[in-house]
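Visitor: Here's the letter readout for the chains.
There are 2 protein chains.
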Amino acid sequence: MNRKVMKFGGSSLETIEKMQAIATKIEKEALQGTQIVVVVSAMGKTTNQLISLAKQASQSPSKRELDALLSTGEQVSISLLSMMLQDHGFKAIGLTGFQAGIKTSGIHTNNRIDDIDVSHILKYLEDQHIVVVAGFQGQNAAGDITTLGRGGSDTTAIALAAKLDCPCDIYTDVTGIYGVDPRLVPNAKQLKMISVEEMKEMAFLGAKVMEPRSIDIAQHYGVIVKVAHAHIDSEGTLIVKEDMMEHRPITGCSVLEKIVLVNIQHLPASMTLIANLFVTLANEGINIDMISQTQGSDGFVTLAFTASADDLDNLESVLRYLTHDEPQVIIQLDKNVSKVSVVGSGMRSQSGVAAKLFQLFADHEIAYKLITTSEISISYTMSKEHTNHAVQVIAQAFDL
Amino acid sequence: MNRKVMKFGGSSLETIEKMQAIATKIEKEALQGTQIVVVVSAMGKTTNQLISLAKQASQSPSKRELDALLSTGEQVSISLLSMMLQDHGFKAIGLTGFQAGIKTSGIHTNNRIDDIDVSHILKYLEDQHIVVVAGFQGQNAAGDITTLGRGGSDTTAIALAAKLDCPCDIYTDVTGIYGVDPRLVPNAKQLKMISVEEMKEMAFLGAKVMEPRSIDIAQHYGVIVKVAHAHIDSEGTLIVKEDMMEHRPITGCSVLEKIVLVNIQHLPASMTLIANLFVTLANEGINIDMISQTQGSDGFVTLAFTASADDLDNLESVLRYLTHDEPQVIIQLDKNVSKVSVVGSGMRSQSGVAAKLFQLFADHEIAYKLITTSEISISYTMSKEHTNHAVQVIAQAFDL
Numbered sequence: 001m002n003r004k005v006m007k008f009g010g011s012s013l014e015t016i017e018k019m020q021a022i023a024t025k026i027e028k029e030a031l032q033g034t035q036i037v038v039v040v041s042a043m044g045k046t047t048n049q050l051i052s053l054a055k056q057a058s059q060s061p062s063k064r065e066l067d068a069l070l071s072t073g074e075q076v077s078i079s080l081l082s083m084m085l086q087d088h089g090f091k092a093i094g095l096t097g098f099q100a101g102i103k104t105s106g107i108h109t110n111n112r113i114d115d116i117d118v119s120h121i122l123k124y125l126e127d128q129h130i131v132v133v134a135g136f137q138g139q140n141a142a143g144d145i146t147t148l149g150r151g152g153s154d155t156t157a158i159a160l161a162a163k164l165d166c167p168c169d170i171y172t173d174v175t176g177i178y179g180v181d182p183r184l185v186p187n188a189k190q191l192k193m194i195s196v197e198e199m200k201e202m203a204f205l206g207a208k209v210m211e212p213r214s215i216d217i218a219q220h221y222g223v224i225v226k227v228a229h230a231h232i233d234s235e236g237t238l239i240v241k242e243d244m245m246e247h248r249p250i251t252g253c254s255v256l257e258k259i260v261l262v263n264i265q266h267l268p269a270s271m272t273l274i275a276n277l278f279v280t281l282a283n284e285g286i287n288i289d290m291i292s293q294t295q296g297s298d299g300f301v302t303l304a305f306t307a308s309a310d311d312l313d314n315l316e317s318v319l320r321y322l323t324h325d326e327p328q329v330i331i332q333l334d335k336n337v338s339k340v341s342v343v344g345s346g347m348r349s350q351s352g353v354a355a356k357l358f359q360l361f362a363d364h365e366i367a368y369k370l371i372t373t374s375e376i377s378i379s380y381t382m383s384k385e386h387t388n389h390a391v392q393v394i395a396q397a398f399d400l
Numbered sequence: 001m002n003r004k005v006m007k008f009g010g011s012s013l014e015t016i017e018k019m020q021a022i023a024t025k026i027e028k029e030a031l032q033g034t035q036i037v038v039v040v041s042a043m044g045k046t047t048n049q050l051i052s053l054a055k056q057a058s059q060s061p062s063k064r065e066l067d068a069l070l071s072t073g074e075q076v077s078i079s080l081l082s083m084m085l086q087d088h089g090f091k092a093i094g095l096t097g098f099q100a101g102i103k104t105s106g107i108h109t110n111n112r113i114d115d116i117d118v119s120h121i122l123k124y125l126e127d128q129h130i131v132v133v134a135g136f137q138g139q140n141a142a143g144d145i146t147t148l149g150r151g152g153s154d155t156t157a158i159a160l161a162a163k164l165d166c167p168c169d170i171y172t173d174v175t176g177i178y179g180v181d182p183r184l185v186p187n188a189k190q191l192k193m194i195s196v197e198e199m200k201e202m203a204f205l206g207a208k209v210m211e212p213r214s215i216d217i218a219q220h221y222g223v224i225v226k227v228a229h230a231h232i233d234s235e236g237t238l239i240v241k242e243d244m245m246e247h248r249p250i251t252g253c254s255v256l257e258k259i260v261l262v263n264i265q266h267l268p269a270s271m272t273l274i275a276n277l278f279v280t281l282a283n284e285g286i287n288i289d290m291i292s293q294t295q296g297s298d299g300f301v302t303l304a305f306t307a308s309a310d311d312l313d314n315l316e317s318v319l320r321y322l323t324h325d326e327p328q329v330i331i332q333l334d335k336n337v338s339k340v341s342v343v344g345s346g347m348r349s350q351s352g353v354a355a356k357l358f359q360l361f362a363d364h365e366i367a368y369k370l371i372t373t374s375e376i377s378i379s380y381t382m383s384k385e386h387t388n389h390a391v392q393v394i395a396q397a398f399d400l
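Residue numbers (the working numbering), protein chains in the order written: chain A, 1 to 400; chain B, 1 to 400.
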């Protein structure tokens, strides 16, 4: 028996009309005899409207209550879509997170899935139902309704596919994954396939199609994921295991905006001091991304790192403490930077990618600041005004 | 330990501002050291909006899915109100129907409460929480979300009070129960007390403050119910057991509009035929209210009864069958009627109420059609144009 999880995001469920189109899309799959589990987000901007209600009700809404509030959004979607599928002549049943057996733990509004008891879902599948599951939500051991945070519905869908041992289609508002943002490079090419490892690296480095955590699950359980457009028929992009791929040196190039580059000069070369600084930053919930340190000859070091621009206020207060303790340091905060990353699992086996990039930037006079590398990626921070130029140059050179 | 259930309907939760006023009202009670369980409906017109969404999604929405959809309304209310109560400095927790242990059975959209496992609620009460429960909903044995139909939130509140062995305040958009509709009799008097039996009779006979089913539970479990205004401080009306009351001959007078009076002449005096007619009406879901039959000398009877005007279409099709089988019958359908009922448990012991009513109607030339009586009420159908006059005359004569 063929089986498939189909996930639809909020923008593809914005109106009753769009939802009807989704019901028709599901019908086509069901008519091929496939067992189907549908995972849905809340309709359109519903989640934002509920958050705004909560903010009107309380300046700092309880996260437990916020979860119960937000989970109503997907519950509305499963009910309406199930009704529509029944009108199409199918047996269909809507299940909330807890009814679908999704067991979670962690902090409210940011739970993780511990396990899924799929017995309820399997029973309905065997009884020829299309099962419509509320994404983004579950239930913790105390019986509270929980939500999964960013990318939660993708996570629900891929975790269900893992437990049900089937592939997962993620339907969204793009026709597939591009090696480079088509808004920056108009003739950018859509990828037919991308390895799960590259996809994860690209997601971390700023590609917005999927959250890294859901790709993690796909990688761990070997779920084959297809990303395609919800309303436009397209081949989409398959996210597959590494060994199914031909190696390209570079698969994609992504841009992360909204970062801030911190440069600290005249810092004593004390490992304790530097460790304390990063511990303090971590305690404030500030995620540090690229780190670079250079040693001077005078017992001082220069330390540079990037962080999310969202953390700017917290960051500045930590740095004020530092200046208080070490008045000789010189701190520069640069908000006018982006991070351009080049990703490709082929980098592992094919040397020369870094060399080619440095040459490209030199030829086109694109100045960069920090550089970091991982096994399959290289990232450069540069002034925002260079970003688009850099991406276009890279896309052309590597035929993205 | 004092304990109380406080129930707030949708119109008192219409906006965030009104909900904040409710939070303040609950705070006052909580500060007196009372253990409080709050039962809430969906905000304002939410339920109607959800029903309209369902109708857009499907011409005949599945009732199971409709229940899951509608239940989100109260879930939003419990979340927001709990957040507000926490802002007031209280421990507060919102519980959906299934989290509150409300077990139901029956037809979706019209379930009845079988039992409530209050252990979860008691745990939170003992831990000094204000417990905010979603009214109108529960969970059936299959784990589906269910709703209770009309008057469902009152039913939840009174059933919880029964299980928690405490009184129940029903906060609504009236300051209490009136013996007669204040829109018809401007100087109508609000009752300080009414017996549960009289309240039930009045609810059946058209008083709209509470649904008969919830009053049934109050009567069966001896729950003391207070009806008061959600936003105006008022003494309200206590609904108490019969033996706590002084007897008045008449407690109230209520009007039921939207009825239709059927008069069938020349019907053969056959018990089988008449029984078949009423069985057919029942099978079509048509509720028959007042029934009157008079015997002629010619082997024919005249049968008259009233039904809800909502059932008019079904009613007419059943009567068409009758004319087909018994072509000699003469059927008259009168839609221009109301039913005026006079209720009072004192009627049992104090005779003369009926006599006084007939005298009043004769004095004021108010023509009536059908009359039926119960142990504690008398009802008259009359042309709509007489209704207001009749109510005013009765209110004056019996000092309502």
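Treat the hints loosely; a few may be bogus.
Since copy identity is lost for identical chains, a pair holds within one copy or between any two.
Calculated lysine-lysine pairs in the BS3-like style (CA-CA distance at most 30 Å, straight line) [stated by the list, open to error]:
no., residue 1, residue 2
1, Lys55, Lys18
2, Lys45, Lys55
3, Lys18, Lys4
4, Lys103, Lys123
5, Lys189, Lys55
6, Lys28, Lys55
7, Lys63, Lys45
8, Lys189, Lys163
9, Lys91, Lys103
10, Lys384, Lys28
11, Lys4, Lys63
12, Lys258, Lys123
13, Lys335, Lys384
14, Lys123, Lys63
15, Lys63, Lys25
16, Lys226, Lys208
17, Lys18, Lys45
18, Lys28, Lys63
19, Lys91, Lys55
20, Lys335, Lys226
21, Lys25, Lys55
22, Lys25, Lys335
23, Lys45, Lys241
24, Lys63, Lys91
25, Lys103, Lys369
26, Lys103, Lys63
27, Lys103, Lys335
28, Lys55, Lys123
Derived from the structure by calculation, the hints contain no laboratory data. In this text, all values refer to a predicted model and were calculated from it rather than measured experimentally.
Visitor: State for each hint whether it applies.
Guide: Structure-based check of each hint:
1. Taking the shortest Cα distances, Lys55 and Lys18 sit within 30 Å of each other both inside one copy (29 Å) and across copies (15 Å).
2. In this homomeric assembly, Lys45 and Lys55 come within 30 Å of each other (Cα to Cα) both inside a single copy, at 16 Å, and across copies, at 21 Å.
3. With identical chains, the CA atoms of Lys18 and Lys4 are at most 30 Å apart within one copy only, with a shortest distance of 21 Å there and 46 Å across copies.
4. For the identical chains of this complex, Lys103 and Lys123 are neighbours both inside a copy (18 Å) and across copies (23 Å), given an alpha-carbon limit of 30 Å.
5. When the C-alpha separation of Lys189 and Lys55 is checked against a cutoff of 30 Å, the pair qualifies neither within a copy, at 42 Å, nor between copies, at 42 Å.
6. In this homomeric assembly, Lys28 and Lys55 come within 30 Å of each other (Cα to Cα) only across copies, at 24 Å, whereas the closest approach inside a single copy is 41 Å.
7. Within a single copy, Lys63 and Lys45 get their C-alpha atoms as close as 20 Å, and across copies as close as 26 Å, so both meet the 30 Å cut-off.
8. Taking CA atoms no more than 30 Å apart as the test, Lys189 paired with Lys163 passes in neither setting, with 33 Å inside one copy and 65 Å between copies.
9. Proximity of Lys91 and Lys103 under a CA criterion of 30 Å is satisfied in both settings, with 26 Å inside one chain copy and 26 Å between copies.
10. Taking the closest pair of Cα atoms, Lys384 and Lys28 never come within 30 Å of each other, the shortest separation being 45 Å inside a single copy and 57 Å across copies.
11. Taking CA atoms no more than 30 Å apart as the test, Lys4 paired with Lys63 passes between copies only; the shortest distance there is 27 Å, against 33 Å inside one copy.
12. In this assembly of identical chains, the alpha carbons of Lys258 and Lys123 never lie at most 30 Å apart, being 47 Å within a copy and 47 Å across copies at closest.
13. Taking the shortest alpha-carbon separations for Lys335 and Lys384, only the intra-copy value of 9 Å comes in at or below 30 Å, while the best inter-copy value is 76 Å.
14. Taking CA atoms no more than 30 Å apart as the test, Lys123 paired with Lys63 passes between copies only; the shortest distance there is 20 Å, against 33 Å inside one copy.
15. Proximity of Lys63 to Lys25 under the C-alpha cut-off of 30 Å is restricted to the inter-copy arrangement: shortest distance 24 Å between copies versus 36 Å within a copy.
16. In the homo-oligomer, the alpha carbons of Lys226 and Lys208 lie at most 30 Å apart inside one protomer (15 Å), although the nearest pairing across protomers, at 56 Å, exceeds that limit.
17. Taking identical chains as interchangeable, the C-alpha atoms of Lys18 and Lys45 lie at most 30 Å apart whether they share a chain (14 Å) or sit on different chains (25 Å).
18. Taking the shortest Cα distances, Lys28 and Lys63 sit within 30 Å of each other only across copies (25 Å), while inside one copy they are farther apart (40 Å).
19. Taking the shortest Cα distances, Lys91 and Lys55 sit within 30 Å of each other only across copies (19 Å), while inside one copy they are farther apart (39 Å).
20. Taking the shortest alpha-carbon separations for Lys335 and Lys226, neither the intra-copy value of 36 Å nor the inter-copy value of 62 Å comes in at or below 30 Å.
21. For a Cα distance limit of 30 Å, the shortest separation of Lys25 from Lys55 across copies, 21 Å, qualifies, whereas the shortest one inside one copy, 37 Å, does not.
22. In this assembly of identical chains, the alpha carbons of Lys25 and Lys335 never lie at most 30 Å apart, being 44 Å within a copy and 49 Å across copies at closest.
23. Within a single copy, Lys45 and Lys241 get their C-alpha atoms no closer than 34 Å, and across copies no closer than 50 Å, so neither meets the 30 Å cut-off.
24. Taking the shortest alpha-carbon separations for Lys63 and Lys91, only the inter-copy value of 14 Å comes in at or below 30 Å, while the best intra-copy value is 36 Å.
25. In this assembly of identical chains, the alpha carbons of Lys103 and Lys369 never lie at most 30 Å apart, being 45 Å within a copy and 64 Å across copies at closest.
26. Proximity of Lys103 and Lys63 under a CA criterion of 30 Å is satisfied in both settings, with 18 Å inside one chain copy and 27 Å between copies.
27. Proximity of Lys103 to Lys335 under the C-alpha cut-off of 30 Å is found in neither arrangement, the shortest distances being 41 Å within a copy and 57 Å between copies.
28. Taking CA atoms no more than 30 Å apart as the test, Lys55 paired with Lys123 passes between copies only; the shortest distance there is 29 Å, against 40 Å inside one copy.
When each numbered hint is compared with the structure, violations occur for hints 5, 8, 10, 12, 20, 22, 23, 25 and 27.
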